[in-house]
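Sequences and hints are given; from them, build the entire structure.
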Amino acid sequence: MLKELDNLSEIQKMAVIHKDGPAMIIAGPGSGKTRVIANRVSYLISKHKIFPERILAVTFTNKAADEMRERCVALTNKSDLNISTFHSLCVSLLRQYGSRINIDPYFSIYDDSDQTRLVKRILKDMNKDPKKLPFKISTFFSEISVAKNNKLAPAEYISREQKDPDGALFSQIIYEIYDSYEKALRIANSLDFDDLLLKTVLLLENFEDIRNEIEERYQYLLVDEFQDTNKLQLEISKKLTEKNKNLFVVGDPDQSIYSWRNAEPRNLLDFEKLFPEASIIKLDQNYRSTKSIIAVADKLISNNTERFKRELWTGNKDGNDAVLVTARNPSSEAEFVTRELSYLINKGISPEEIAVMYRVNSQSRNMEDKLEELQIPYRLIGALGFRERREIKDMLAYISILINHNDEVSLSRIINTPRRGISDATYLSFRQAFMSQSQYESILGYLLSRPWKEDFKVNKRAEAALDRFAEMIKGMVHKVKVLSTESLISEIIEASGYGTYLEADPDYDNRLRNIEELKVKAREISLDITDPFDKTVEFVQKFALITKVDDSVETDQESDKVTLITLHQAKGLEYSVVFIIGFEQGMLPHIRSLDDHKEMEEERRLCYVGITRAKERIYLTNCLNRVTWNNQGKNMFSQSQVPSQFLSEIPKEFLKTADYDDFGKINYTEKNFNKEDYVKTEKRINIKHSNFYVSDVVIHKIFGRGIVVSVDRNNDEDELLIKFDDIDEPKLILPAFGSIHKENQNEEDSFDYLKDFEISGEDSVGDDDFSGYFED
DNA sequence: GAAATTGTGGTTTTT
DNA sequence: CCACAATTTC
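Counting from 565, one number per residue, gives the positions in the first sequence under our numbering.
Bear in mind the hints are in silico, worked out from the structure with no lab data behind them.
It should be emphasised that the depicted structure is a prediction, and the values quoted were computed from it without experimental measurement.
Heads up, a few of these hints could be off.
[What the hints assert, rightly or not] Straight-line C-alpha distance at most 35 Å; calculated DSBU-like pairs for lysine-lysine:
#, residue 1, residue 2
1, K957, K692
2, K809, K1125
3, K957, K795
4, K1021, K567
5, K1021, K747
6, K957, K695
What follows is the structure, given as structure tokens:
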């Protein structure tokens, strides 16, 4: 038997040996999807003698593409496979054929910060105050993104929108900005992310010869994560397989989490309608996770109503119980996670195999603090990607303007960075002058040839500064043609004064390191291109598509690190141990989703994605209180949190619950937990007895007033069962951690017994730890 | 024109 | 709370 079919289930084999015609693989999490794709690629090559370069596999992220490539190369020993993302595929196609639709091959790619810059500039030109618009800039971008996904140019957009009289005014303004934005992009010879897809669709749609040529080039198309494709990506997939129909798509409707970004899960669900002859294969055996984990995931996702009923199952062992831990507040939650993971690490689990996941990036803060406190190395898959760092954006802007002389956004970014005496006002006059002349086609060309001295008036100082800048750029315009990308970067840093400017930066070391890293990345890219200029162009264009998952903030040099990551970014990854924090209404599900059924289902899918990343252990955590931002009062205040409704959707027997209080101690209410394990991690000295007795009236820091129902002194430490006034079920409390005192005693007296033992570490048993929680 | 200071507004997820 | 914009001061 061929090695491609080794160790596969019958159903997986069916997918691997699929040759011609459309196929849809519904692949549940951990069902061996990547393996199936890689093996099919390999099988096509070795069994059917398809040339590797005629197979195109499209994934969602660069990282996924790299992994896929690695796997395929390992199997086939061939390196000329085509594996890329939709966006980078489009960049390549547009570079090659873009001239047919008036796109210069040296186009720049604008990310959202570039877009925002551009739109702000446009608004200024239109004499509009960004703050007085009836919508936020982000609304504008999502609006035009929808427009572009529906292939609506500004004119088409407005004619469609105006049918709705209520929205007419709103749409009119959007239209005006959209129109100017498109014109500005064209003048700047730049494309935004949606354009990359849209222009490619237009290319394939309108030019049969190009379509044929590309379809000839790629005989077999595989698309991964198909549930997250948008309309344009579907169209590209269809156009590329128009004749041969060799479209092999893989996805999982339950993992569709990008509908807010115009992903259309229907692309997958309706695949059968589109291609009635399609082979349909469902992979629902999970090879990744324990039964406990799968049970939680499956019970949760079965609460979605708009869903093909489908059961994920596994032949794996039961494994550890899934755990829910409730903490007092986010910092306590982070403390629990940190201590627990240090316990796991001590137990021999590699930090690399552990991830902490959350709904929003800001939740990483508490985790970072605690991890640093305990000196556990972590990798933050960050809010701020490498690409978005200021020094990196600046470098790229310098290079971009040298490549694309029309790239106005880049020019405006660096013309006074570092400060060289060219104020925004000066730049605006200069730009105005450029716009109103017709002799020079590019803004950089205009700057360099300097007739602008006649076109507008600025003071001597500004004029001299502009002159110096032009001189400096002039010296580099030819260098971009001959220097390697990394030498070019060094040259820019030297010539522009950026180096000296950086030295004054408080974050100098980091920024310098980032720039060095940029050079390394430049060196690594596109080894097969020989011309230095082409290489730089390739680098800049592909660099714009790098995702945050590709790079990260490292806390030290070791590679062995715990991962902090958003649930969205975690898709496609797997870890032995996964913590998902913030299981509270308003956090997860996110507050913006609470009133919308469809969005709630997507939040549920997001949890499903998170839970199914885990191989061995899953911990869900939440907080009783959380400091939130109050719109009205402009004050931070501690708000009591309602547990996530998703938790109640998971039957109790599948999720063991425990409480965690601020002193780093878990009250395990389920016997399946090995309490000893946790005590060891805390390095606490066991205590003796407390002075609480049955029927004592007590005050608890969190739960308020209650009566001691029973005292258990069999263990090393007392366990009190307390019926609190406001809580139906009596709660188990360990009095040793100072969160409780007798009603008729003041707190200090109650704490007396604490003198009998000590708590290791710098922790002091004082009131400090409580301050702030109950204010307001 | 740049730096320092005050004010303001905004918090989801990202190719 | 934090980032960035506007305003004031140098």
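> Tell me, which hint numbers fail for this structure?
Replying inline: Numbers 2, 4, in rising order.
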